[in-house]
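J.: Protein chains in written order, with the numbering used here: chain A, 32 to 484; chain B, 2 to 66.
Hints in this document: simulated from the structure, not taken from any laboratory. Positions of the beta carbon are idealized from the N, C-alpha and C atoms, including for glycine. Among the hints, a few may not be true.
Here are a few chain A residues that face chain B, going by a calculated C-beta distance under 10 Å [said to hold, decoys possible]: (1) Thr-366; (2) Cys-422; (3) Leu-428; (4) Ser-430; (5) Lys-451; (6) Cys-456; (7) Val-457; (8) Ala-458; (9) Met-476; (10) Ile-479; (11) Leu-483; (12) Val-484.
Simulated crosslink set (DSBU-like; lysine-lysine; CA at most 30 Å straight-line) [unchecked claim]: (13) A/Lys-66 to A/Lys-341; (14) A/Lys-206 to A/Lys-99; (15) A/Lys-202 to A/Lys-380; (16) B/Lys-7 to B/Lys-57; (17) A/Lys-356 to B/Lys-30; (18) B/Lys-7 to A/Lys-225; (19) A/Lys-359 to B/Lys-29; (20) A/Lys-225 to A/Lys-359; (21) A/Lys-149 to A/Lys-127; (22) A/Lys-88 to A/Lys-147; (23) A/Lys-202 to A/Lys-99; (24) A/Lys-149 to A/Lys-135; (25) A/Lys-356 to A/Lys-380; (26) A/Lys-249 to A/Lys-99; (27) A/Lys-74 to A/Lys-84; (28) A/Lys-348 to B/Lys-30; (29) B/Lys-29 to A/Lys-348; (30) B/Lys-57 to A/Lys-359; (31) A/Lys-316 to A/Lys-341; (32) A/Lys-241 to A/Lys-380; (33) A/Lys-356 to B/Lys-29; (34) A/Lys-202 to A/Lys-66; (35) A/Lys-64 to A/Lys-127; (36) B/Lys-57 to A/Lys-225.
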Amino acid sequence: MASVRSNKNIELMTYSEVTDVSGYVGSFKVSVKQKPRYVDITKCTGCGTCQEKCPMKTDNAFDAGLGKRKAIYTPFPQAVPNVPVIDPAVCTFFLKGKCRACEKFCEAKAIDFNQKEKIAELEVGNIIITTGFDSFDPSVMVQFGYGQYDNVITGVQFERMSNASGPTDGKIMLKDGSPPQSVAILHCIGSRDKNYHQYCSRVCCMYSLKFAHLLREKVPEATVYQLYIDMRCAGSGYEEFYERIQEEGVNFIRGKAGEITDMAEAPEEQGKLMVIVEDTLVRRKRRLPVDMVVLSTALEPRADAESVAKTFSLSRKADGFFLEKHPKLDPVATTTDGVFIAGCCQGPKDIPDTVAQASAAAARVLSMISKGSVQIESATAVVDEELCSGCRICNDLCSYNAITFDEEKKVSHINEALCKGCGTCVAACPSGAITGRHFTTEQIMSEIEGVLV
Amino acid sequence: MSFEPKIVGILCNWCSYAGADLAGTSRKKYAPNVRIVRVMCSGRVEPGFILKAFQKGADGVLVCG
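Please model the entire structure based on the sequences and the hints provided.
T.: Have a look at this one:
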C-alpha cells in the first residue's frame, strides 16, 4: 500500500466511496464521496500524540472487539496514509461541543474540525472492483454460544490475539488472562451448511491449521483439537503443511460439533467448555473438555454488495458474490464492459488466488490502455439513415440509452459502445430501418424454418 | 401413435438460453419437442417470427425472456 501511495501514476483515495458511475468502457464518469477525516492529511506527521491525549475510547473494530481505540485513531499500525481520523460518533467535541484536546496538543496544527464531505468527479477508462468479503457472524448459531461464553472466539479474534502488535501483544490467553490448557478449533462455521452458506469458504482449513501451529508454538503444553468435516488442503505446499501439523501432535477429529456448553456432567468437566461432537471415524459421541473454542467462520459477501452491484451494474450469483462473465473462460471480467472484479468479492479464495486474479485484472486493463482502442461486441444494432423516418419510437425503448436523435438529419443514431445488441429497437422499428447485426430478420426466419424441417 | 408436438422456443441469450445451456452442461434432459432459436433479448421477437413458425408447421411457440 505504501508503494501504491508513493507511485506518481496512482492517485490513492482512502476514506472514500463511489456513489455513482455512468458512461461506458473507455469513458466512465465516476463520482467519489470523500468523507471528512477532520485531520489535514498534508500537515499531519503521524506522530500519534493526538491518539495519546484523546480521552474517549471505544471498541476497536480492527481488533474484532478485543481491544480499544480512541475517538481519534489510525485504523491499524500499517495504515496508509499514516494519518488518524476522528470518529464523530464517539468524539466529545462532536457530541457535546467541548474538548478539542487533539487540536491543543497537535504541533503540526493538522486538526481541522471544519472539514466537509467532498465529491470528486473522475473520468476513467476501466474499473476494477476488489471490495472483498465479510466474516460470518456466528452468534446466529446459538448452539456454539458465541457471545454467551467468554472463551468462544472467532478466527479473526484469534488472529488478532496472536499478532505481536495486537491487543494482547501476541499472547494467546483466556478472558481471565491465563493461558488455555486445551483449545478446540471448529471448521466450517456457516460454510458447507445449508442453513447458512452452502459453499465451501476455501481458506478456513488452512488458517485453522495455522492456528493449531501457532498454539503448539506459543502454548506448547495445550491440547489442540481440530474438528473438521473434510480437510481441503488443495494448493501448492498445503498438503505438506497439513502433514506437518499432524506430526506436531494436533488431534484431528472428523465431525462437526453439535453443541458447546458449560454444563458439567462429571467433576472433571467443571469450569470447562464442553464440545459435543460425533467422531464419525470411530462412530462415537464425544465430549471434549476445553478452555477455548475458535470458530473458523465462513467468508460471505459484503453487507453492501447489493448497492455496489447496483452502482457498477454488476450481477450477483445465488450465493451473493459478484458474477463473473464466464466461470471458466472469463473469471475476471463482468457483464459490463470495462468493469473487472478480483478477489473475494467474486467468491471465497486464498491469497495466491487473489493475487493471480488481481494481476489478471490489471493486465486486462493494461492491454486495453496500451492498445488505445477498445474492441466492442459486433452484435449491435445499426440504423439505415435512408429508411429511418425519424419517428423516435426506438429512442425511448432502448434500455441502455444508446439511441440518440440527430436533430439535423432527423434520424436516430445508435452509439455502438453502449448498444448491447438486444434488438428491441430492431423489432419495434415500424420502417424496418434498424438491422440487428448477427440477428437479422432473415437470419432468424431461416433459423425458425431450419428447426422445423 | 401419441401426439408429439413441435414447439419453437425463442429464448433470450442471458436467461432462458443460458438456462437451456446449463441444463446441457449439467447433463439434464429435456424433451426434444422444443427446438431452440437464440435471440439476444426476448424484446427482439417480432410477431412475424411467431407467424412464420406456425406457417412452417409448429404446434406451439414458446417465447422466454
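J.: Within 30 Å, alpha carbon to alpha carbon, are A/Lys-225 and A/Lys-359?
T.: Roughly 25 Å between the alpha carbons, so the hint for A/Lys-225 and A/Lys-359 holds.
J.: Given the hinted pair A/Lys-149 and A/Lys-127, is their alpha-carbon gap at most 30 Å?
T.: OK: A/Lys-149 and A/Lys-127 at ~25 Å, within 30 Å.
J.: Holds or violated: are the alpha carbons of A/Lys-348 and B/Lys-30 at most 30 Å from each other?
T.: holds, 24 Å
J.: Is the hinted pair A/Lys-241 and A/Lys-380 satisfied, with a Cα-Cα distance of at most 30 Å?
T.: Since the Cα atoms of A/Lys-241 and A/Lys-380 sit roughly 16 Å apart, the hinted pair holds (cutoff 30 Å).
J.: Taking the least C-beta to C-beta distance, is A/Leu-428 closer than 10 Å to chain B?
T.: A/Leu-428 check passes; min Cβ-Cβ to chain B is 8 Å, inside 10 Å.
J.: Within a Cα-Cα threshold of 30 Å, do A/Lys-202 and A/Lys-99 meet the stated pairing?
T.: holds, 17 Å
J.: If you draw a straight line from the CA of B/Lys-7 to the CA of A/Lys-225, is it 30 Å or shorter?
T.: violated, 40 Å
J.: For the pair we were handed, B/Lys-29 and A/Lys-348, check the Cα-Cα distance against 30 Å.
T.: holds, 21 Å
J.: What's the verdict on A/Lys-206 and A/Lys-99, does the C-alpha distance respect the 30 Å limit or exceed it?
T.: Distance of about 15 Å is within 30 Å: holds.
J.: Taking 30 Å as the top limit, are the C-alpha atoms of A/Lys-316 and A/Lys-341 close enough?
T.: violated, 48 Å
J.: Does A/Cys-456 pass the interface check with chain B, least Cβ-Cβ distance below 10 Å?
T.: Holds - the Cβ of A/Cys-456 comes within 10 Å of chain B, reaching about 8 Å at its closest.
J.: Can A/Lys-451 be said to touch chain B, with a Cβ gap under 10 Å?
T.: For A/Lys-451, the interface hint holds, since the closest Cβ of chain B sits about 7 Å away, which is under 10 Å.
Against the hints set out earlier in the document, violations occur for numbers 2, 18, 30, 31, 34, 36.
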